[in-house]
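Novice: Listed here are the chains, written in short residue letters.
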Amino acid sequence: MDDSRRSFLKFAGISALGLGGVSILTGLKPGAVTAADTASEPLYKNTEKALTAERWGMVVDTRKLTRSLCDKMVAACHKTHNVPDLDNDRHTIKWLWTDGFEHIFPMKHDQYLAERLHGLPILSLCNQCNNPPCVQACPTQATFQREDGIVMMDFHRCIGCRFCMAACPYGSRSFNFRDPRPAIKEENPDFPTRMKGVVEKCNFCAERLAEGKMPACVEVSEGALVFGDLEDPNSEIRKVLRENYAIRRKQSLGTNPSVYYII
Amino acid sequence: MNDKGKIIVGLIIFVAVFTFPFWYNHGSATQPPEPKLTDKAKKAEKCVEDTTYMRTEHMQILDEWRDTVTREDKRVYVNKSGKEYMASLSNTCMDCHSNKEDFCDKCHTYTSVDPYCWDCHTYPEEKK
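Those protein sequences? They're chains E and U, same order as listed. For the first sequence, my numbering gives the first residue as 700, with consecutive numbering after it. For the second sequence, my numbering gives the first residue as 6, with consecutive numbering after it.
Some clues are possibly wrong.
Each computed DSS-like pair below joins lysine-lysine, with the alpha-carbon atoms no more than 27 Å apart [what the hints assert, rightly or not]:
1) E:K778 x E:K938
2) U:K88 x E:K748
3) E:K748 x U:K85
4) E:K895 x E:K793
5) E:K748 x U:K79
Please keep in mind that the hints were generated in silico from the structure rather than gathered at the bench.
The following block holds chain U by itself, in its conformation from the complex:
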């Protein structure tokens, strides 16, 4: 037990190095981006479901849509309050949220999520 000093110094260095990312970045965290709505989306006030629900579940809805539309040939989505929408990313979602860069990409870039929807589905910018 004569190496007490060395061990303690070593432990302090280890803890310091291990926690380096935490205290180095302390206070400099970026704010999560706020997606911009188009005028049309603002006017509609509500997406196919509630905003909070859409925020967390839109990917599940889109995943469901792609199966029901292509595989089951059911193309109309009736939401929880009974309103009907065509289940289509390009034609329904992008009709309202026509600002992909300001709406979709902002959060997707922030969270480093790179969906490959756009490899096939068009978004309005490309209509030009």
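Next up, chain E with everything else stripped away, as it sits in the complex:
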């Protein structure tokens, strides 16, 4: 056999060409398959009865609030979302809760406050700010704002750094210091629980809106809560806001909350 460098290069060149040809042929095949596949790619959409809005908002009518009504609304919310009932105050998880006027509106607390507001439980929840500081603070984008204004938590991404809790001026976020499951009295199988080490908060019942239902608290509120589209001038919420004087929490901070309080 002639072992010259020239014949070796010839042979190598021809082999390389042959291999290249094969790879071109095999390379074509999967391409053809994907092209046929894209015709019927699976897609995602929302249910037809889903409620939509440009910006969801809520009005809390404090004139209609009573202790028992507040308890009822809190219970409805916490039951729907598997919020645990923990004994230790420092571990408490709250989506919807009540507090005194002086705590909810520290900047509006006057020396001679209207008699009616003394000891009145004021309903409090995540303000679903239009300019949410928690979203800016979150390093993993686990907290994000949807197009319809709802500030959501993606628990899959939360790393439990609690920057959002430090950023939220309303104390609307809670951290799971321990596994919440044992502390859930009656588990709702339709909604997931959370795990130890994530932050959670009110989500304006995004999962219920997707099914065409009003938020759980609004459903049992007996008219004390009005929920609707803040951007739609014909919505009920705008009508209520037109006709009543309403305030928002810590407005001077510029977070632009979507929850209004009729005082």
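Knowing the structure of chain E, use the given hints to seat chain U on it.
Specialist: Just chain U, lined up with the frame of chain E:
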């Protein structure tokens, strides 16, 4: 080159030790587990996609679902043949495959895969 014998003996010992796991376990490999279907799943015959596709791609589908549902608020999955399903692990998957131990865990244990889905999402056994 007077150490020929030592080198060859050493090489034989090295090869023997190196391949020990292969011939020690030869023939004793366990069969991969066959997941059990519930009656409901058997009746349905087809999952949200073909069985072969589901077998290899279910984790990708679930990963896609979790993003589209939570982040894009699109909760309905339309499969390749146009059928619609709610994209939900707890409510759609576990409704049919309600036997987590016999269906999910069997393969996951075999392949030593430990998904943390169940830290938050419930499965039917817990409904009791």
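Novice: Mind listing which of the numbered hints don't hold for this structure, in increasing order?
Specialist: 1
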